[in-house]
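Number of protein chains: 2
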Amino acid sequence: MDAVIENALIQRLTHALPRSARQLNGVRESDAELVRLPGGLVLALTTDAIAEEIETGLYAEPELIGWMTVLVNASDLAAVGAEPLGILLNQTLTPDLDGRFLDALQNGIAQAAEACRLPVLGGDTNFGRRLQVAVAAVGTVEGEPITRLGCRPGDRLFASDLLGLGGAYALARLSGDTATADSLDYRPQPRLAEGRLIRRHASCCMDTSDGAIPTLDELMRLNDVGFRIEPSLSAILDPAALAVCAAAGLPEWTLLAGPHGEFELIFTVPQSSHRLFLHEARMIGWRPVELGFVEEGSGLGLPSPEGHRVIDTLRVRNLFTEVNGDVRAYVSQLLSLDRAGPTAGVIRTGLRR
Amino acid sequence: MDAVIENALIQRLTHALPRSARQLNGVRESDAELVRLPGGLVLALTTDAIAEEIETGLYAEPELIGWMTVLVNASDLAAVGAEPLGILLNQTLTPDLDGRFLDALQNGIAQAAEACRLPVLGGDTNFGRRLQVAVAAVGTVEGEPITRLGCRPGDRLFASDLLGLGGAYALARLSGDTATADSLDYRPQPRLAEGRLIRRHASCCMDTSDGAIPTLDELMRLNDVGFRIEPSLSAILDPAALAVCAAAGLPEWTLLAGPHGEFELIFTVPQSSHRLFLHEARMIGWRPVELGFVEEGSGLGLPSPEGHRVIDTLRVRNLFTEVNGDVRAYVSQLLSLDRAGPTAGVIRTGLRR
Numbered sequence: 001m002d003a004v005i006e007n008a009l010i011q012r013l014t015h016a017l018p019r020s021a022r023q024l025n026g027v028r029e030s031d032a033e034l035v036r037l038p039g040g041l042v043l044a045l046t047t048d049a050i051a052e053e054i055e056t057g058l059y060a061e062p063e064l065i066g067w068m069t070v071l072v073n074a075s076d077l078a079a080v081g082a083e084p085l086g087i088l089l090n091q092t093l094t095p096d097l098d099g100r101f102l103d104a105l106q107n108g109i110a111q112a113a114e115a116c117r118l119p120v121l122g123g124d125t126n127f128g129r130r131l132q133v134a135v136a137a138v139g140t141v142e143g144e145p146i147t148r149l150g151c152r153p154g155d156r157l158f159a160s161d162l163l164g165l166g167g168a169y170a171l172a173r174l175s176g177d178t179a180t181a182d183s184l185d186y187r188p189q190p191r192l193a194e195g196r197l198i199r200r201h202a203s204c205c206m207d208t209s210d211g212a213i214p215t216l217d218e219l220m221r222l223n224d225v226g227f228r229i230e231p232s233l234s235a236i237l238d239p240a241a242l243a244v245c246a247a248a249g250l251p252e253w254t255l256l257a258g259p260h261g262e263f264e265l266i267f268t269v270p271q272s273s274h275r276l277f278l279h280e281a282r283m284i285g286w287r288p289v290e291l292g293f294v295e296e297g298s299g300l301g302l303p304s305p306e307g308h309r310v311i312d313t314l315r316v317r318n319l320f321t322e323v324n325g326d327v328r329a330y331v332s333q334l335l336s337l338d339r340a341g342p343t344a345g346v347i348r349t350g351l352r353r
Numbered sequence: 354m355d356a357v358i359e360n361a362l363i364q365r366l367t368h369a370l371p372r373s374a375r376q377l378n379g380v381r382e383s384d385a386e387l388v389r390l391p392g393g394l395v396l397a398l399t400t401d402a403i404a405e406e407i408e409t410g411l412y413a414e415p416e417l418i419g420w421m422t423v424l425v426n427a428s429d430l431a432a433v434g435a436e437p438l439g440i441l442l443n444q445t446l447t448p449d450l451d452g453r454f455l456d457a458l459q460n461g462i463a464q465a466a467e468a469c470r471l472p473v474l475g476g477d478t479n480f481g482r483r484l485q486v487a488v489a490a491v492g493t494v495e496g497e498p499i500t501r502l503g504c505r506p507g508d509r510l511f512a513s514d515l516l517g518l519g520g521a522y523a524l525a526r527l528s529g530d531t532a533t534a535d536s537l538d539y540r541p542q543p544r545l546a547e548g549r550l551i552r553r554h555a556s557c558c559m560d561t562s563d564g565a566i567p568t569l570d571e572l573m574r575l576n577d578v579g580f581r582i583e584p585s586l587s588a589i590l591d592p593a594a595l596a597v598c599a600a601a602g603l604p605e606w607t608l609l610a611g612p613h614g615e616f617e618l619i620f621t622v623p624q625s626s627h628r629l630f631l632h633e634a635r636m637i638g639w640r641p642v643e644l645g646f647v648e649e650g651s652g653l654g655l656p657s658p659e660g661h662r663v664i665d666t667l668r669v670r671n672l673f674t675e676v677n678g679d680v681r682a683y684v685s686q687l688l689s690l691d692r693a694g695p696t697a698g699v700i701r702t703g704l705r706r
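Residue numbers (our numbering), protein chains in the order written: chain A, 1 to 353; chain B, 354 to 706.
Bear in mind the hints are in silico, worked out from the structure with no lab data behind them.
None of these values were measured; they are calculated from a predicted model.
It is possible that part of the hints are untrue.
Covered stretches of chain B (chain A as the covering partner; in silico rule of three or more C-beta atoms under 8 Å from a C-beta of chain A) [claimed, not checked]:
id, region
1, 391-397
2, 478-488
3, 518-529
4, 541-550
5, 564-577
6, 634-647
Backbone N, C-alpha and C define an ideal beta-carbon position, used for all residues, glycine too.
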């Protein structure tokens, strides 16, 4: 059984289901499902629901719920470099839902649909005891799509923007610090244009919907490689997120731990494409964040005062599930992980390039 | 505001949402959304969740829940004459869900996916207080798709098979008569091959997911026509459904009332295509059920001992929502509708052809 709790569940749910010969990616190999149509065009398909986020109070304002419903799906399309085509909405409404709340929810959906260029093609509405909004998004990929597979040691590691805002927002909101959560104005932006540029230059790509460390853990497992973060963490983390983290007395790396992410793209660019990629990024007014390198072996090396330390990414990734979503227990476990220092006693020297 | 409660809700939810210039159908004009891709191929997309059906106990066995989750979406693809491509699964599981129940649920999904030739492309899993399974299905349409629009007076009205099993099943199940519900072995079959044949010959098509009368009501509104059922009701209704109906002391026509349907296709064939259509149907071993004719004007005329009587389809369609899903109140209201006789005093003479 897979040591990653989420992957073990996916295996249990999917092992008996029929697969398609037209599909280009295997289970977990891509943020969006890639299907070659008769005629050769590749379709990108994804579905994500906003349900637990409403139940736990992580997303409380109706506009944000609506925005995120679309954005999380657009993020998956972005990660395969797709051109957006549209979405289907699947809404479960509660019978007593306030009319203004509903209008604001639909307004958030409409705003994100405009921002992501994902018109609403259709949908289905149900009534139930709990509000839930699911979206299925469709895009097309011109040329070869990019997946989570394909990076090699020596490739450069990037993020589409500064990281950590998803973690900081979740920490504030779930700790009941509404003022701080509101001040962060958490509203991830679509990365579709960036994703199409990444598709032409990068060797693999995945979004940080579950946080940067779980994303890097998944890419490590799929590609049988390690990662080494080069800049200091304060250089790759959002300043507002760093402030929340400092106020809470948490070490900076915990902003990368998930399970709630910032919906940026993490991707790798071969050395040979590095210069052209940065040039083209500049041309669309985008400045990707250099994170470091892909390495041989396994493990995630983070910069620390004593050189690089390896983070137990598997433990970090399973932690929130293991503590049954208890935020205080989660934070306390992250702190003891931090005090434990480098796992398995391995300090990676890494390869410098 | 639309007099149909469901349509008024759809209007409220969708009026502010951006639409796509690539979409061939307007809101409500088609069972599946039709989008023309770059290159010309038409994509058919639909989404439907099984949620209320679980909550009310209408679907209780996990295999049936799984089967219906896929089938209701396949039925929408069938209604536009699509070739199935695949589905995305969006599952909300309860944390305490029994392992055998989950395996049986996935087994039902797998069986229907095989039967409908809809491989599972991917999905998303959430945890929540209530089990829910949503599917988004994708297909392609070769040539011109068929929609709910296009029938004309004089066209012949058909169903893909005998009607009434969905109504009888729901009546038995929701009245707590488990033995009868089980004996019906309710498991609608995919009509995708039939749908592709219908697409080439028919003038409009819609599935009976909400029951035959709501389907005919919607087609009447969209096409500004009436319908006249010609055969006796016992000739177009499933014998097992008729037996349930007789045992409950209900008039036969109530089997067509919905709100739970039999997931057959209702469609219209122009007189000029009638013979060729029936010939080709025979070639694939399918015997469509002749229901009657499209008429000028409006209203649904059902055969009765005193000639044709017009059913108040709007009232029938809104009834279950108006009684807040109370089955006893619903049945009692259907009975008083029946006693009230022809609505608005209009007995249609109809056009004979």
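Three residues minimum, CB to CB under 8 Å: does the region 634-647 of chain B make the cut for coverage by chain A? Let me know. The restraint on the region 634-647 of chain B is violated, since only 0 of its residues have a Cβ under 8 Å from chain A and three are required.
Stated coverage of the region 478-488 of chain B by chain A [criterion: 3+ residues, CB within 8 Å]: holds (count 8)
Apply the coverage criterion to the region 518-529 of chain B and chain A: a residue qualifies when its Cβ sits closer than 8 Å to a Cβ of the chain, and three qualifying residues are needed. Per the Cβ count (0), the hint is violated.
Coverage of the region 541-550 of chain B by chain A (three or more Cβ within 8 Å): violated (count 0)
Quick check: do three or more residues in the region 391-397 of chain B have a beta carbon closer than 8 Å to a beta carbon of chain A? This one holds; 4 residues, not fewer than the three required, reach chain A with a Cβ under 8 Å.
Three or more residues of the region 564-577 of chain B near chain A by CB distance under 8 Å? Violated - the region 564-577 of chain B has 0 residues with a Cβ nearer than 8 Å to chain A, which falls short of three.
Hints 3, 4, 5, 6, counting from the list given before, are not met by this structure.
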